[in-house]
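Residue numbers (our numbering), protein chains in the order written: chain S, 1 to 307; chain D, 1 to 441.
Wrong hints could be hidden among the right ones.
Calculated lysine to aspartate or glutamate pairs in the EDC-like style (CA-CA distance at most 20 Å, straight line) [unchecked claim]: (1) D:Lys-74 <-> D:Glu-84; (2) D:Lys-438 <-> S:Glu-64; (3) S:Lys-55 <-> D:Glu-434; (4) D:Lys-254 <-> D:Asp-427; (5) D:Lys-201 <-> D:Asp-258; (6) D:Lys-423 <-> S:Glu-78; (7) D:Lys-438 <-> S:Glu-78; (8) D:Lys-83 <-> D:Asp-56; (9) D:Lys-430 <-> S:Glu-78; (10) D:Lys-391 <-> D:Glu-145; (11) D:Lys-391 <-> D:Asp-379; (12) D:Lys-74 <-> D:Asp-350; (13) D:Lys-438 <-> S:Asp-73; (14) D:Lys-254 <-> D:Glu-413; (15) D:Lys-315 <-> D:Glu-194; (16) D:Lys-254 <-> D:Glu-426; (17) D:Lys-178 <-> D:Asp-301; (18) D:Lys-201 <-> S:Asp-159; (19) D:Lys-295 <-> D:Asp-267; (20) D:Lys-74 <-> D:Asp-85; (21) D:Lys-149 <-> D:Asp-118.
Going by beta-carbon spacing under 7 Å, a handful of chain S positions derived as facing chain D [said to hold, decoys possible]: (22) Val-59; (23) Ala-143; (24) Ala-166; (25) Phe-274.
Hints are computed from structural coordinates only; laboratory data are not their basis. For glycine and all other residues, C-beta sits at the position ideal for the given N, C-alpha and C.
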Amino acid sequence: MTTTAPSSQLSTTSNKPKRLSDGVFAFLLVLPGLALLLAVVVYPLITALVTAFFKQSLVLPGREFVGFQNIIDVLTGEFSRLLWQTLVFTIGTTLFPFVIGFALALALNTRIRGAKVLRGLMLIPWLVPGVVVSFLWMWIFNANYGVMNALLEGIGLIDQPQAWLAQPATAMGAVILAKTWQSFPWMMVMLLAGLQTVPRELHEAAEIDGAGTIRRFFSITVPQLKGIIGLVLLLEFIWNFQHFDIIYVLTGGGPAGSTQTFATAVYETAFHGFDLGHAGAIGLLWMVLLMALVVVYVRFSEKGEER
Amino acid sequence: MSDRTLFQSPISRRQALAIFGIGAATATLAACAPTGTGAAGGPAATAGTGSFAPTDFKFSSWSLTEEAAAPAIKSLLSGYSGKEDVTIEEVSFPYNEYFNQLMLQVRGGQFTGAAHVDVAWLGSLAALGKLQDVSALTADRGYTESSLKAAQFEGTQYAFPWTIGAIGLVTNSEILGKAGVDAEDFPTTIDDFEAALVKLKGLGGGLIPYAASTKAAQLKDILIWMQTFGSPLVKNGTVTIGDDASVEAVAWYKGLYDQGLIAADVDRFDARSLFAQGRAALYDDAPVGRGAVTKESPDPDLASKLVPVSRPTLKAGDTPRALVWGGAIAVVSGAGAETAADFGQWATSDLDTVLADYELRGLPPVTEEALSSDVVASDVFGSTFAERITKTATSNPFWVYPQYAQIETTIAEAVQAVLIGQKSPEDAMKSAGEAAQKLIG
Numbered sequence: 001m002t003t004t005a006p007s008s009q010l011s012t013t014s015n016k017p018k019r020l021s022d023g024v025f026a027f028l029l030v031l032p033g034l035a036l037l038l039a040v041v042v043y044p045l046i047t048a049l050v051t052a053f054f055k056q057s058l059v060l061p062g063r064e065f066v067g068f069q070n071i072i073d074v075l076t077g078e079f080s081r082l083l084w085q086t087l088v089f090t091i092g093t094t095l096f097p098f099v100i101g102f103a104l105a106l107a108l109n110t111r112i113r114g115a116k117v118l119r120g121l122m123l124i125p126w127l128v129p130g131v132v133v134s135f136l137w138m139w140i141f142n143a144n145y146g147v148m149n150a151l152l153e154g155i156g157l158i159d160q161p162q163a164w165l166a167q168p169a170t171a172m173g174a175v176i177l178a179k180t181w182q183s184f185p186w187m188m189v190m191l192l193a194g195l196q197t198v199p200r201e202l203h204e205a206a207e208i209d210g211a212g213t214i215r216r217f218f219s220i221t222v223p224q225l226k227g228i229i230g231l232v233l234l235l236e237f238i239w240n241f242q243h244f245d246i247i248y249v250l251t252g253g254g255p256a257g258s259t260q261t262f263a264t265a266v267y268e269t270a271f272h273g274f275d276l277g278h279a280g281a282i283g284l285l286w287m288v289l290l291m292a293l294v295v296v297y298v299r300f301s302e303k304g305e306e307r
Numbered sequence: 001m002s003d004r005t006l007f008q009s010p011i012s013r014r015q016a017l018a019i020f021g022i023g024a025a026t027a028t029l030a031a032c033a034p035t036g037t038g039a040a041g042g043p044a045a046t047a048g049t050g051s052f053a054p055t056d057f058k059f060s061s062w063s064l065t066e067e068a069a070a071p072a073i074k075s076l077l078s079g080y081s082g083k084e085d086v087t088i089e090e091v092s093f094p095y096n097e098y099f100n101q102l103m104l105q106v107r108g109g110q111f112t113g114a115a116h117v118d119v120a121w122l123g124s125l126a127a128l129g130k131l132q133d134v135s136a137l138t139a140d141r142g143y144t145e146s147s148l149k150a151a152q153f154e155g156t157q158y159a160f161p162w163t164i165g166a167i168g169l170v171t172n173s174e175i176l177g178k179a180g181v182d183a184e185d186f187p188t189t190i191d192d193f194e195a196a197l198v199k200l201k202g203l204g205g206g207l208i209p210y211a212a213s214t215k216a217a218q219l220k221d222i223l224i225w226m227q228t229f230g231s232p233l234v235k236n237g238t239v240t241i242g243d244d245a246s247v248e249a250v251a252w253y254k255g256l257y258d259q260g261l262i263a264a265d266v267d268r269f270d271a272r273s274l275f276a277q278g279r280a281a282l283y284d285d286a287p288v289g290r291g292a293v294t295k296e297s298p299d300p301d302l303a304s305k306l307v308p309v310s311r312p313t314l315k316a317g318d319t320p321r322a323l324v325w326g327g328a329i330a331v332v333s334g335a336g337a338e339t340a341a342d343f344g345q346w347a348t349s350d351l352d353t354v355l356a357d358y359e360l361r362g363l364p365p366v367t368e369e370a371l372s373s374d375v376v377a378s379d380v381f382g383s384t385f386a387e388r389i390t391k392t393a394t395s396n397p398f399w400v401y402p403q404y405a406q407i408e409t410t411i412a413e414a415v416q417a418v419l420i421g422q423k424s425p426e427d428a429m430k431s432a433g434e435a436a437q438k439l440i441g
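Turn these sequences into a full structure, and let the hints guide you.
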């Protein structure tokens, strides 16, 4: 243990370097990471948000301060459409993978043969990069030489090829399907892990008391998994709210903007429309909504810890 | 508390901080060091005004991502790098993404050197202030006057013209013949053209009569039809989209879509695939498409069945419309720019190089000498294309505006909204015209 040196001794050791306090030392250690965070996260984020208050083009030099005009333009323009489409995508790509993932987790939690192999195989879609998933589904849904049309025509469900990605009514469904295919394994793995923590004795006791499968599912399994269900739904919701790659590659936000979400709209506006101010305004509003979701997540996590 | 007891480490705090300090300093220096790609700001510099020692440089081209064109470009690059003993770093993005990526890289200073550009993009790229004026290197090299003009913006020679042609209708004469339509006597009016498409549709078998662009990425093709219907698009700085002619053109296009005479979900690359497979009878393309469709086709004789035809007109006797299409090599100021400029001049005007490239890609050259060579003059497809399509081609009036890409995107999305029934042609074109006008200012 180091003790404070008497002042008389200090003069004799004054040529020795001074010791750093724990606080200063810790701060200096954190400093490079902090500097990196400021440089690659905070600075670009603030810069991007600041552009929301300027009329600024990616092509033309200079910018002009316009106050809240960009934000007003977004709020009175595409905001409600983007919010609705983002919510449709987010809810769809959260609920469908959840239902499929839960069903598969329940199946794999039984003592069926080959459960481990099946579990591994089911993970494949989750391991495939989003862009690859998008191209795969783009070919499946292609109006002119896609597998989907060939299959449905083959079994007589449609009599002429459908433009799945070129019709607003089907394009969002196609995007949700592609994302569901990619996401369900993660849901499955998380829920399966949760299911394996549910004591078998509870089920056995309920069975002796005459509870059927459905009753046991709703009275034992679901309550026992409440925490993990809430967590995976919330996390998936937040991720999907900011999802970009599958939508962008599959439809580019089209047709006529019908699959555009906040994520693709920011990119399209900034890098295809070259309108940085408008893109910044969409980004700012999108971030406010995301912050609200993060607050819900933090509250949920805190509640979980309290339990 | 001592240093050692804090972290149980043989390294003292000072040593640890010194190591971190050296690491941070190295990282900072590396980050701040010139990358060799720093771009000159301000107005374009002038290339070719003095002697230079060849250095390594970057070359970007969308053609490097295309199976049919990439070998020709690679051969060109290896020819120059062997000749000058330099290394050329290849940069490539697919065509639909290329313009945006190039803009971002040039703007951010990550790209300097030679860039393969569509002549349509020169206005936007020039606005960044990083393209060099190459007029000193284009003088006395035998470029045709029209090709030099096509690679200029506001009177400045921002690029070496590489190939100047047009986008027009390319047909499969065999399929047309089956429907009783003669490719050599192709319909000259819109009404007759539509009637021919109906006949082609009648062949059945899932044939797409006209693989016109319907995806937003290439829906700019509608502009030439608007001009065909009589809309000037822009007149004295005023956008005319929303006028009767443009509305009529879009309504007609929607009619083709609803009748199944054009198909959903098609861009230039889909159109080439469908045409190559014999699933489309005609489509819009530049001469560069010939290489792609013949290479991709299961029909070894497809090349002999390709017939370029003039775009039909609204009334008999009108001049057929076609859109100028051209490739050029622009030089972006910064590291390697002088060598890049020398490469640009060599690639576009050295006779042997140009003819070798012509044999591989079939793109119309831009020098008088190359155009009059036997190789070019004896190419039936090339000369027919030039006679029927390029001869009356005009540039897009939006190209002079740096916001050209935004304008085209706005119009394309409005047309797509009409095709899928979200908006009426009148409403969509009116709002597209207003949005385009707002962009122009």
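Each hint tested on the structure:
1. Distance hint between Lys-74 of chain D and Glu-84 of chain D is fulfilled; the C-alpha atoms sit about 15 Å from each other, no more than 20 Å.
2. Of the supplied pair hints, the one linking Lys-438 of chain D and Glu-64 of chain S holds, its CA atoms being roughly 16 Å apart against a limit of 20 Å.
3. For the suggested pair Lys-55 of chain S and Glu-434 of chain D, the alpha carbons sit about 18 Å apart, so the restraint of at most 20 Å is met.
4. Annotation: proposed proximity of Lys-254 of chain D to Asp-427 of chain D holds, straight-line Cα distance about 14 Å (limit 20 Å).
5. Proximity of Lys-201 of chain D to Asp-258 of chain D is assessed by CA-CA distance (about 13 Å); at most 20 Å being required, the pair is judged to hold.
6. Between the alpha carbons of Lys-423 of chain D and Glu-78 of chain S the distance comes to roughly 16 Å, so the proposed pair stays at or under 20 Å and holds.
7. Under the criterion of a C-alpha separation no larger than 20 Å, the hint pairing Lys-438 of chain D with Glu-78 of chain S is consistent with the structure, at around 17 Å.
8. Under the criterion of a C-alpha separation no larger than 20 Å, the hint pairing Lys-83 of chain D with Asp-56 of chain D is consistent with the structure, at around 13 Å.
9. Pair hint Lys-430 of chain D plus Glu-78 of chain S holds up; C-alpha atoms about 18 Å apart against a cutoff of 20 Å.
10. With a C-alpha separation of about 14 Å, the suggested pairing of Lys-391 of chain D with Glu-145 of chain D holds against the 20 Å cut-off.
11. Note on Lys-391 of chain D and Asp-379 of chain D: the hinted pairing holds, with a Cα-Cα distance of about 16 Å set against a maximum of 20 Å.
12. Straight-line distance between C-alpha atoms of Lys-74 of chain D and Asp-350 of chain D comes to about 17 Å, which keeps the hinted pair within the 20 Å bound.
13. The suggested pairing of Lys-438 of chain D with Asp-73 of chain S holds, with an alpha-carbon distance near 14 Å, which does not exceed 20 Å.
14. This hinted pair checks out: Lys-254 of chain D and Glu-413 of chain D have alpha carbons roughly 14 Å apart, not beyond 20 Å.
15. Between Lys-315 of chain D and Glu-194 of chain D the CA atoms are separated by roughly 13 Å; this keeps the pair inside 20 Å, and the hint holds.
16. Of the pairs offered as hints, the one joining Lys-254 of chain D and Glu-426 of chain D holds, with about 12 Å between alpha carbons and a cut-off of 20 Å not exceeded.
17. For the proposed pair Lys-178 of chain D and Asp-301 of chain D, the alpha carbon gap of about 16 Å is at most 20 Å, so the pair holds.
18. Among the hinted pairs, Lys-201 of chain D with Asp-159 of chain S is consistent with the structure: their alpha-carbon atoms are about 16 Å apart, no more than 20 Å.
19. Pair hint Lys-295 of chain D plus Asp-267 of chain D holds up; C-alpha atoms about 18 Å apart against a cutoff of 20 Å.
20. Among the hinted pairs, Lys-74 of chain D with Asp-85 of chain D is consistent with the structure: their alpha-carbon atoms are about 15 Å apart, no more than 20 Å.
21. A distance of roughly 14 Å separates the Cα atoms of Lys-149 of chain D and Asp-118 of chain D; the hinted pair therefore holds under the 20 Å criterion.
22. With a cut of 7 Å, the hint placing Val-59 of chain S at the interface with chain D holds, because the nearest CB-to-CB distance is about 5 Å.
23. Interface hint at Ala-143 of chain S: satisfied, since its Cβ lies 4 Å from the closest Cβ of chain D, which is below the 7 Å cut-off.
24. A distance limit of 7 Å between C-beta atoms decides the matter here; for Ala-166 of chain S the minimum to chain D is near 4 Å, and the interface restraint holds.
25. Taking 7 Å as the C-beta cut-off, the interface hint given for Phe-274 of chain S holds, the closest approach to chain D being about 6 Å.
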